[in-house]
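Q: Residue-level listing of the chains:
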Amino acid sequence: MTRSFAAGLLATLASFTHDTFRTIVTLGSGATYTDHPSTISFGGTSYTSQHLIIRGIGENLYSEAPAGELLLGDLDSTHRATFFNDDFRGDTVLIRVLHNDAGTWTATGLSYTFGLDADALPDSTSVRIRLASSDAVEGTETPRRTTQEAGCPFDFQNGLCPFRWTSGMKESLKKCDKGYSTPNGCKEHFSDVTQGGVTYRVPKPFGGFRGNMPQSLVLR
Amino acid sequence: MSVGDRAGVLQSIAGSALVALGFIPGFQFLIPIGASLITSGVLTFGASFLAKKVDAGDDLGRSPAYGAFQFQNRSKGDSPLPVVYSNDTASSTPGHKVAPIYLQAFATPGGFEAGEDGARGSSAQGQRLSCLLAVAEGPIEDIADIRVNDEPLFETNEDVDIGTGNGTKTKFEIEGKRIDIRSVRIYADGVLKGWQKSVRIEQVTNGNTSTLVWPIDITDDGVEIDDSQDVVWYYGTSAVSGNLVNTGAGTVVAGSAPNSNPVHPIAWIEDGRKRLVVHVQQPLTQKLWAGIPVRYLDGFTLEKTDDGKAVKVVFKTAPASGVKITASYSRKMFPHVRVETRMGSAQQLSIPGFETIRNSVSVNQTLAKGTAVTQTTDEEVDDVIVNISSTQSGFTAYDNKGGGNQAVAAQVKIEWKLSTEADAAYRILRDPVGEKPEVNKSGQEFRLSGDSTTQITWSLSVRELLRRRADDHPTDKRSAEELAAFVKARISVKVTRTNTVQNGGNSLIQDVIEWSSYTKVLDERLNHPGTALLALHAVASDKLQGSLPRITCRVIGKRDVEAYSGAAWSKSATNQANPVWAAVDLITHPVYGGGEQFTKAANIDLVSALAAATWCDTNVTHDGTTEKRSVIDYVLDTRRQLMEHVRDMLAPSQVIPVLRGNVWAFVIDQAVTLSAVTTVNDDGTSGHVMAESMAIQHTPVTGKITELQLGYLDREDDHQHADVWFAPQDPASTRRVERATAFGCTRKSHATRFGSFLYEKLRQRGVSLSWQMSPAGLPIEAGDVVRVISSRLGIDLYARIMRWEIDSTETMVVRIEAEQYIPAVYAQDTSKQTILRYSSPPAGVLSVAGPTKGYRKRTDEQMRVVKAQLRAKIRRVA
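Just so you know, the protein sequences line up as chains A and B, in that order. All residue numbers in the first sequence are consecutive under our numbering, ending with 220. All residue numbers in the second sequence are consecutive under our numbering, ending with 1098.
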């Protein structure tokens, strides 16, 4: 199964009607509201909406934001398998709840976008997808940089890193391994220059410290 | 108050019976809710988020700024690089005190003395200490008030009258030793003449050249490159034109605003501050200009007098008659000290003397007489530092007759050669000192002497010793040749002890030494991008010796915090003083904050952010003084969750951050217009409330405090801990004292204002409510105030929504929790409070040691007087 199928399946399965309310989940960065069909076809197989539970979605003034989650229930093994090895971290979901008002689906005030915190967590019958809250997300501790280890914390060829690869440079310089004298390190990118018989020691934009960059969680 | 006293206070306070502190102290859930909600974490956070208290045992208790042991330097390790938001422009001393982190510290040997046997012995005389410290995340605005072991490094002198012009007099003098020439400011009738700051525009290249390196020399007298600022680049395919800055002292090129450029030149300074070298990585086809920051003297020179007791100010043209010449300057309070700072920009220049990478390699081989130990570096290096240590037992001769210990000595011979000289003989590293080294053979050994009952280490830099010998003996051809031969290469070093180890036969003598390690030194210009730096070079003195000094400074913080105007974001160093914009910066910054997850465009609720920022900036009058309601002065030096920092930094502003999905919104805890609020009714007739779902819980009397001790760092007292104490006008029979800390609050007026609000909030707690409703009743937002009616419960009151969440496990339901809204809290009738500043609790409140200075000194009678005075003052203000 491909990730795109899992994403599509998630979106489809998550369009679920519960009593007089319909929950719609739209996956993807910058997601906008889409009223998904109740089935999706993939590889000749048609998949239909399944049970969906949302909980923990809301606001909290005096504690961390609730650790919301989506629970996709009553899934067969084929469904669940699509969520194995798919890391949804970095994606966002738009969750909306509609109300059946005398036969017309109208928006309630619940229309929130969440980041996804981690991989989906399939179990024997369902798939649990955790929504990110600021406190729950790994890697949001600050200050992020520590003096533990010298290293480059900056985006390569962007922002604070002044290096720009241009034609004529070695192909290997297109990469950076964040080290200093490592094969694709800072010393390699900013090598000293000899001109007119004088060797100039070119400064290295190095000596920063690594940050605790967010790492994907694998909840298996 | 001493550190020990402070620790004792923390312990005693933490041990007292404190009620929980929070928006809803002790709030408890009233109805069955989903298992995902009921966690101990919810209750813990709920009890303490509004104004957290610092406990000695938690992370904040170890904070260099907020912990019990304030402003102790940490070493490179797992130390977070501090983020500083501090630029209270209304203060005469803007900025926050910090204790930077040691990145490098090394001592350079001083002179060498003749030993009694003609060999040479090392000495601490003239030993130089070099320290490099990471101050904060950059770019910052400035570093000021540097102190070493709590003593100011500089003494500042302002507006010193040094004479009056008469039309012919050109020479004036600033009297005083150790005046820092770079700090001197000369004014003529109050007009600054120098050092002035400017930007000098120099064309680097016309393009179409293969040249990659361009040295630019500043030849004008009285002009030097300002290495604390960044070079700005201008480029284009044709001559730039427009509004470049005039230097007043050099070439002027009209040009456009700085362009974003594709080549990203790198620049560095050579020859003191008189040459800028520019390097690009590929030949340029564009024209390139450099905007070089410079400092210049306008029409005069500065020079120290021969005896070093004054600085001469010599005007090229004599000031006119009657023109008053004044000077402002700093005087170094430590001898032979040099300080350099960098503000943490991306392109900041490296600091001379710290352009090396040092890696230690363990050797750990005991040196026995006549047995050589050899090591070869595994890579090309620029220098090798040989580290020889005694054992843990020390290095001394014990006297068992009570006469005191005696110094002992070990003699070693150090030899070296390049790995490329495989067949060549080793060269002997010679002692730099000697009357006639060209004929004197005795400098071939080093005498390591000492008297210590603990381990000591001698460090000998091969390159430094070669250089010093060549410098001190310019006629010694061999010294010059050896220095020239010591080039970057893999280097082999051989160390041999030449005198006998004595402690084998006499246990009273400890003189065993080992070659413990060597340090590989690579010369590189590392600029530590994005890190504000402080470098200190100093000669050992009676003020500076022994262990590493304690270094502190005041940081005027983040330079580039953005504020939203309602239409656009703009950067300014003053924005950081607003707690909300500082919080947004932290939430969205990709390097030190939450920028990996949150951006200004997608994750900040601009409407509420702007409203909250405006609320903070609104002027209020306090004790007759009008000032902004809330100015932040905060150091993040303890790694915690982003939300914890944001809550703490906003709490003293009565602003509460809340996540709505992945969007940060900001709720102001302020009075509302009650006539405009929504009504919810327990009978199911309004607000989509599920009938009879409402529950109510009264706050037990133990849930209300009677006194509040609010801690903060007092900027008027060197950012030391201080407190404001709140108590009822009529003391309660049973006291329940809470202690909290107002983070980022460093003004007494601000602490008093916030504390007064918090005190009323905590002692006037009303009921807690909960109910369930249909999602059709949304939108409802945390922070909203609603009117709550329940005939079943017999209530008709107002409540603030504290929490809601949706759950579709069984049925689709929204659960609400709320706290009674009490208008009197916001009225803050201070006539009912006793506000005791300077940490003075009401008489008899505590039987433990007083929390801060002043308490123990005051008798009950004195306290009654203070209270009466304060009451009168409060009434006047009210």
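These are computed hints drawn from the structure, not numbers from a lab. Ideal Cβ placement from N, Cα and C applies to all residues, glycine included. Hints are not guaranteed to be accurate.
[Claimed, not checked] Straight-line Cα separation of at most 30 angstroms, DSSO-like style, residue types lysine-lysine; simulated pairs:
hint	chain 1	residue 1	chain 2	residue 2
1	A	K170	B	K708
2	B	K507	A	K175
3	A	K178	B	K637
4	A	K175	B	K637
5	A	K187	B	K507
6	A	K187	B	K820
[What the hints assert, rightly or not] Residues from chain B shown here face chain A by an in silico Cβ test under 7 angstroms; the list is partial:
hint	residue
7	S299
8	T429
9	L432
10	S448
11	V452
12	S570
13	R647
14	R745
15	H748
16	V827
17	L862
18	V1033
[Stated by the list, open to error] Where chain A lies over chain B, by a calculated footprint (3+ residues, C-beta under 8 angstroms):
hint	region
19	692 to 704
20	830 to 843
Q: Does each hint fit the structure? Answer for all of them.
A: Comparing the hints with the structure gives:
1. A hinted pair counts as satisfied when its Cα atoms are at most 30 angstroms apart, and K170/A with K708/B qualifies at roughly 25 angstroms.
2. Restraint check for K507/B and K175/A: satisfied, since their Cα atoms lie roughly 28 angstroms apart, inside the 30 angstroms limit.
3. Under the criterion of a C-alpha separation no larger than 30 angstroms, the hint pairing K178/A with K637/B is inconsistent with the structure, at around 33 angstroms.
4. In summary, the hint linking K175/A to K637/B is not supported, as the alpha carbons are separated by about 37 angstroms, beyond the 30 angstroms threshold.
5. Between K187/A and K507/B, the direct Cα distance comes to roughly 27 angstroms. Compliance with the 30 angstroms bound is thereby established for this hinted pair.
6. Among the hinted pairs, K187/A with K820/B is inconsistent with the structure: their alpha-carbon atoms are about 34 angstroms apart, more than 30 angstroms.
7. Against a cut-off of 7 angstroms between C-beta atoms, the interface hint on S299/B holds, since the closest Cβ of chain A lies about 5 angstroms away.
8. Restraint check, T429/B versus chain A: the minimum CB separation of about 11 angstroms is more than 7 angstroms; hint violated.
9. With its C-beta approaching chain A no nearer than about 5 angstroms, L432/B sits inside the 7 angstroms limit, and its interface hint holds.
10. The beta carbon of S448/B is not positioned within 7 angstroms of any beta carbon in chain A (closest approach about 16 angstroms), and the interface hint is therefore violated.
11. Nearest Cβ of chain A to the Cβ of V452/B: about 14 angstroms, over the 7 angstroms cut. The hint is violated.
12. A hinted interface residue such as S570/B counts as satisfied when its beta carbon comes closer than 7 angstroms to some beta carbon of chain A; here the least separation is about 5 angstroms, so the hint holds.
13. Because the closest C-beta pair between R647/B and chain A is about 24 angstroms apart, greater than 7 angstroms, the hint is violated.
14. Annotation: R745/B was flagged as interfacial toward chain A, and the flag holds, the nearest CB pair being 4 angstroms apart, inside 7 angstroms.
15. Hint status for H748/B relative to chain A: holds, with the closest Cβ pair at about 4 angstroms, below 7 angstroms.
16. For V827/B, the suggested interface contact is broken, since its CB lies about 16 angstroms from the closest CB of chain A, more than 7 angstroms.
17. Given the 7 angstroms rule on beta carbons, the hint for L862/B holds: about 4 angstroms separates it from the nearest Cβ of chain A.
18. The closest approach between the C-beta of V1033/B and any C-beta of chain A is roughly 10 angstroms, which is over the 7 angstroms cut-off, so the hint fails.
19. Against chain A, the region 692 to 704 of chain B contributes 0 residues with a C-beta closer than 8 angstroms to a partner C-beta. That does not satisfy the three-residue criterion, and the hint is violated.
20. Closer than 8 angstroms: that is the beta-carbon criterion, and the region 830 to 843 of chain B has 0 residues meeting it against chain A, so the requirement of 3 is violated.
Hint check: violations occur at hints 3, 4, 6, 8, 10, 11, 13, 16, 18, 19 and 20; the rest are consistent with the structure.
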